[in-house]
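Enquirer: In case you want the letters, here they are:
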Amino acid sequence: MANINISCIAIIGKQNNPLYIKNFNPSHADLKYHYIAHTSCDVMEERAAMKAQDMYLGVLFSMEDLSVYGYMTNTKIKFIAVLTVHDVIIKDLDMKNIFRRIHAAYVNHASNPFYEIDSEKMIKSKKFEQEIDAIGRGRALEGGNRNSLPATAP
Amino acid sequence: MASNQAPVKLVNESAVEFLTTEMVEAMIRTIKDDAIRLGTDKDPSLGSPNDGTGGPKDYSEGDEAMEAVYYKLEMIGFRVGERLIEKISKDRMRFSDNLDVVKFVCKEVWMFLFKKQVDNLKTNHRGVYVLQDNSFRWFTRMAHDQSSAESVKKVTPYLWFPCGILRGILSNLGIASVVVAETSSLPACTFQIKIAKTA
Chain Y
2 MANINISCIA
12 IIGKQNNPLY
22 IKNFNPSHAD
32 LKYHYIAHTS
42 CDVMEERAAM
52 KAQDMYLGVL
62 FSMEDLSVYG
72 YMTNTKIKFI
82 AVLTVHDVII
92 KDLDMKNIFR
102 RIHAAYVNHA
112 SNPFYEIDSE
122 KMIKSKKFEQ
132 EIDAIGRGRA
142 LEGGNRNSLP
152 ATAP
Chain V
11 MASNQAPVKL
21 VNESAVEFLT
31 TEMVEAMIRT
41 IKDDAIRLGT
51 DKDPSLGSPN
61 DGTGGPKDYS
71 EGDEAMEAVY
81 YKLEMIGFRV
91 GERLIEKISK
101 DRMRFSDNLD
111 VVKFVCKEVW
121 MFLFKKQVDN
131 LKTNHRGVYV
141 LQDNSFRWFT
151 RMAHDQSSAE
161 SVKKVTPYLW
171 FPCGILRGIL
181 SNLGIASVVV
191 AETSSLPACT
201 FQIKIAKTA
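So the protein lines, in turn, are chains Y and V. Just so you know, the first sequence maps onto residues 2 to 155 in the working numbering. Just so you know, the second sequence maps onto residues 11 to 209 in the working numbering.
Hints are computed from structural coordinates only; laboratory data are not their basis. Among the hints, a few may not be true.
[Claimed, not checked] Below, in silico cross-link-like pairs of lysine to aspartate or glutamate (EDC-like), each with a Cα-Cα straight-line distance of 20 Å or less:
hint: 1; chain 1: V; residue 1: Lys-82; chain 2: Y; residue 2: Asp-119
hint: 2; chain 1: Y; residue 1: Lys-52; chain 2: Y; residue 2: Asp-134
hint: 3; chain 1: V; residue 1: Lys-100; chain 2: Y; residue 2: Glu-65
[Unchecked claim] Covered, in the sense of this in silico footprint (three residues per stretch, anywhere, with C-beta under 8 Å from a C-beta of chain V), are these stretches of chain Y:
hint: 4; segment: 17–29
hint: 5; segment: 43–57
hint: 6; segment: 71–78
Here a beta-carbon is modelled for each residue, glycine too, at the ideal position from N, C-alpha and C.
Please take these sequences and the hints and turn them into a complete structure.
Expert: So this is what it looks like as structure tokens:
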């Protein structure tokens with residue numbers, strides 16, 4: 002997993018309500034990522050109807066220097082990862098791994114009986130935030146030596 | 011790349027059985043207690059839960075307290091089902107249609123909960139599915155006389171929790187449904203899933 006710079010991880014619920022948006026790249030405003038997450042909803046629904054089997058939906062679209070990857074679970078929860086692309090080719094396998102980790106973090110959080118699954122409120126949980134933080138900053142949870150730094154402002 | 015699979019954790023089956031049977035009893039006990047305390051339980055023939063005869067009472071239909079018990083047990087099952095499907099469907103491909111979902115329930119969910127698959131699945135292809143289990147695991151250790159109407163009535167509340175689980179599973183997959191269960195001869199039972207027609 003050579004040089005993946007995750008700028009933002011967003012999680013969108015079943016009713017297309019935002020559950021969690023985390024910005025790892027201070028050079029873009031939070032609002033921009035909210036906008037990106039919002040536009041991704043439609044693209045994801047379209048893509049999901051086409052690609053009937055896989056949860057990983059691939060690249061949804063790119064704008065300027067950002068490319069947006071999507072993943073939709075069986076329970077209609079959508080994960081979005083916004084990457085700042087340099088000129089590296091991002092492998093599908095790497096992205097699937099990232100999404101698998103996000104999915105695991107989400108399932109762990111959803112298993113909490115005090116979390117209302119359909120409440121439309123944002124996720125507020127320290128443990129969940131720490132896990133997403135570790136994923137976004139490329140800190141390995143399972144060993145290995147990946148240390149991708151968040152993209153710095155040009 | 012190192013695998014990040016946590017070791018699979020298992021739960022003792024006896025613990026689950028004790029929990030589910032006691033849960034039903036506790037719900038009935040606490041709701042009848044509340045009803046008596048608040049004076050809303052106007053039917054003296056039901057007797058007090060503490061009259062020492064022990065064991066399940068006769069659960070007549072149309073009793074307000076039993077409706078409250080039904081609601082609570084079903085909602086508990088609903089919430090459990092929602093979380094269960096998040097965990098189980100994590101590594102699975104997306105479902106193609108309702109029939110695929112129901113088949114998944116019959117096989118994987120039943121295997122996960124009851125260590126066996128559903129014995130018979132019938133559908134009218136118009137949104138109604140009937141799942142038949144000839145030996146429902148949570149009934150196998152209940153003492154009963156085979157098909158007496160009485161034991162059938164006594165066993166009904168124990169089906170409300172599994173109904174809730176099924177409804178929760180379907181709901182979190184985006185399928186609105188009504189799940190009813192009935193048993194004509196223990197330990198067999200059938201679950202009927204009615205899926206709402208999408209507009």
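Enquirer: Hint by hint, note whether the structure agrees.
Expert: Going down the list of hints, with the structure as the test:
| no. | hint | result |
| --- | --- | --- |
| 1 | Lys-82(V) x Asp-119(Y) | 18 Å, holds |
| 2 | Lys-52(Y) x Asp-134(Y) | 29 Å, violated |
| 3 | Lys-100(V) x Glu-65(Y) | 33 Å, violated |
| 4 | 17–29 | violated (count 0) |
| 5 | 43–57 | holds (count 5) |
| 6 | 71–78 | holds (count 5) |
Violated hints, listed in ascending order, are 2, 3 and 4; each of the other numbered hints is respected by the structure.
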